[in-house]
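Asker: If you read the protein sequences in the order shown, they are chains A and B.
For the first sequence, the residue numbers in my numbering are 11 to 206.
For the second sequence, the residue numbers in my numbering are 1160 to 1300.
Keep in mind that a hint or two might mislead.
Claimed, not checked - No more than 20 Å apart at the CA atoms, straight line, and that leaves these computed lysine to any residue pairs for SDA-like:
id	chain 1	residue 1	chain 2	residue 2
1	A	140	B	1240
2	A	143	B	1205
3	A	198	B	1202
4	B	1247	A	138
5	A	158	A	184
6	A	140	B	1244
7	B	1270	B	1280
8	A	143	B	1211
9	A	162	A	115
10	B	1247	A	146
11	B	1247	A	154
12	A	140	B	1243
13	A	196	A	146
14	A	143	B	1239
15	A	140	B	1211
16	B	1292	B	1198
17	B	1247	B	1184
18	A	143	B	1242
Unchecked claim - Simulated DEER-style distance windows between Cβ atoms:
id	chain 1	residue 1	chain 2	residue 2	range
19	A	121	B	1192	49 to 59 Å
20	B	1207	A	106	32 to 42 Å
21	B	1198	A	106	21 to 31 Å
22	B	1192	A	119	50 to 60 Å
23	A	169	B	1181	40 to 50 Å
24	B	1299	A	86	54 to 64 Å
25	B	1198	A	119	32 to 42 Å
Think of the hints as simulated: they come from the structure by calculation, not from any bench.
Cβ coordinates follow ideal geometry from the N, Cα and C atoms, glycine included.
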Amino acid sequence: MHMECLYASNAATLGNVDWKTILNCVNLVTIVSVTLGVGGIIVGVLGWRASLRGLRESADARAREKTAQDSANAARQELLLQRAAEDFRIIVENVEELADRVAAADWLKVRALLPPLKMRFSEANGSFQKILKGIDMDKLDVAIRSVKTLAKVIPAGGAEVPIETFQAMILQCDRISELVGEIYGKLKYLKAEEVQ
Amino acid sequence: MSTDLGGVFKEFIGYDDPKEIELVEKITEKTRMGKIVWEGTSSSLVATAPGMQLSFVRSSVANSFVSRLIGEWEIFSVRSQQGVEILKVEQPSSLAYFGIPLESMPTPRSKLLEAVDALYSVANSRGKSDIDKALNVIKNL
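Let the hints inform the model, and build the full structure from the sequences given.
Answerer: This is the structure in C-alpha cells:
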C-alpha cells in the first residue's frame, strides 16, 4: 500500500495521475485518522471519568476526615464540659459548707474555707470564659464579688457579730449558693454544640 | 464600670460616657413602650433586642429596705448575639448591706447608675404587669 502511494506520488509528479490509487491512500489515511481520533476520544473519556472518580474519592475522604475531626472536637468539648461541671460541683459543695459554717457562726472554720473557695472561683473565672456565656458569666462575677464582700465582714477572733450583720451574711451565702447552683445546673446539661 | 476606661477608674473619676447613658435610656424607653420584653427569674432579668442580649443579675436585697442603699441589681450587661460585651455596669461594692455603717457620706450615684436603676425599675415592673394581665384573665373567667 505504502509503496503504491509512493508510486502514485511519483506518477503525479510525472503528470501521470492514478486517481484510483490516490483515493485508496486518502481512504486509508482517513480510516487511520478516524480510528486514532475515536481511540483518543475513548482514552479521553476514560481519563476524564477516572479523574472524576478521583475527585469524588478525594472529596469523600475530605468529608470523612472532617467528620472525624468534628467528632473528635465534640468529644473533646464534651470532656471539657464534664470537667467544668465537676469543678463547679466542688465549688457548689464548698459554698454549701461555707453557708453551713456561717449559719453555725463557726468563724474560725469560715475563715479557713474562704481562701480555697476564692482560689477555685478565680480558676473558674479564668477557665470558664469559653464555656459560660452572657448572664452566666455575670452570675459568676456576682458570686465572686459576694464571697469577697463576705470575707470583709467575717469577725476576727471572738468578736461579736450584730444580729443584722449575721442575718445579712446568711442571706449572702444563700445568694451565692443560688447563683453557683444555677451555673452548675446549666453546665451539667450544656451540650458541646452550644459551646463555641 | 464599663467598656472603655475600666470600671474602677471610671468610678473613681466619676466619668460617665454620655453614649452609654443614652443607650440605657433608650432601652428604658423601649421597655416602657413594650418593644423590649424582659423575663424574670429569682436571680435575673433577661431580654433580647435585635442583635443584642440584655441582662440584670438581681441583688440579694432586691425589694428590701437596704436596696435603697446598695441597689436592687448587681450587674447590668448588654452583649451582642455573639456574646461580645457592649456595656457592663456593676453596682459599686458596699458593706451597708451587712448593717455596717458607712464611714463617710455615701457617694452620690453616678448618672449611669441612676439610668440603670430606672431601667431595672421599669424592666422589673414590666415583668409584674404580666402577673396583672394573668390576674385579670383569671378574674374575668
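Asker: Indicate, hint by hint, whether the structure satisfies it.
Answerer: Each hint tested on the structure:
1. At roughly 15 Å between alpha-carbon atoms, residue 140/A and residue 1240/B fall within 20 Å of each other, so this suggested pair holds.
2. Proximity of residue 143/A to residue 1205/B is assessed by CA-CA distance (about 13 Å); at most 20 Å being required, the pair is judged to hold.
3. Annotation: proposed proximity of residue 198/A to residue 1202/B holds, straight-line Cα distance about 19 Å (limit 20 Å).
4. Note on residue 1247/B and residue 138/A: the hinted pairing holds, with a Cα-Cα distance of about 18 Å set against a maximum of 20 Å.
5. With a C-alpha separation of about 15 Å, the suggested pair residue 158/A and residue 184/A falls inside the 20 Å cut-off, and the hint holds.
6. Note on residue 140/A and residue 1244/B: the hinted pairing holds, with a Cα-Cα distance of about 13 Å set against a maximum of 20 Å.
7. Under the criterion of a C-alpha separation no larger than 20 Å, the hint pairing residue 1270/B with residue 1280/B is consistent with the structure, at around 15 Å.
8. The straight-line distance between the Cα atoms of residue 143/A and residue 1211/B is roughly 13 Å, inside the 20 Å bound, and the hint therefore holds.
9. Note on residue 162/A and residue 115/A: the hinted pairing holds, with a Cα-Cα distance of about 15 Å set against a maximum of 20 Å.
10. Of the supplied pair hints, the one linking residue 1247/B and residue 146/A holds, its CA atoms being roughly 14 Å apart against a limit of 20 Å.
11. Only pairs whose Cα atoms come within 20 Å are accepted, and residue 1247/B paired with residue 154/A is accepted, the gap being roughly 16 Å.
12. Using a Cα cut-off of 20 Å, the hinted pair residue 140/A and residue 1243/B holds, with the two alpha carbons roughly 12 Å apart.
13. About 9 Å separates the Cα atoms of residue 196/A and residue 146/A, which keeps this hinted pair within 20 Å; it holds.
14. For the hint linking residue 143/A to residue 1239/B, the alpha-carbon distance of about 11 Å falls within 20 Å, and the restraint holds.
15. Distance check on the hinted pair: residue 140/A and residue 1211/B sit about 19 Å apart at the alpha-carbon level, within 20 Å; holds.
16. Simply put, residue 1292/B and residue 1198/B have alpha-carbon atoms about 15 Å apart, close enough for the 20 Å limit, and the pair holds.
17. At roughly 15 Å between alpha-carbon atoms, residue 1247/B and residue 1184/B fall within 20 Å of each other, so this suggested pair holds.
18. Of the supplied pair hints, the one linking residue 143/A and residue 1242/B holds, its CA atoms being roughly 7 Å apart against a limit of 20 Å.
19. At about 51 Å, the CB distance of residue 121/A to residue 1192/B agrees with the hint of 49 to 59 Å.
20. At about 33 Å, the beta-carbon gap between residue 1207/B and residue 106/A stays in the expected band of 32 to 42 Å.
21. One distance hint, 21 to 31 Å for the beta-carbon pair residue 1198/B and residue 106/A, holds here, with the actual separation near 28 Å.
22. For the pair residue 1192/B and residue 119/A, the supplied restraint of 50 to 60 Å holds, since their beta-carbon distance comes to about 52 Å.
23. Roughly 47 Å separates the CB atoms of residue 169/A and residue 1181/B, a value that falls within the hinted 40 to 50 Å.
24. For the pair residue 1299/B and residue 86/A, the supplied restraint of 54 to 64 Å holds, since their beta-carbon distance comes to about 55 Å.
25. Hint check: residue 1198/B to residue 119/A, Cβ distance near 39 Å, so the stated range 32 to 42 Å holds.
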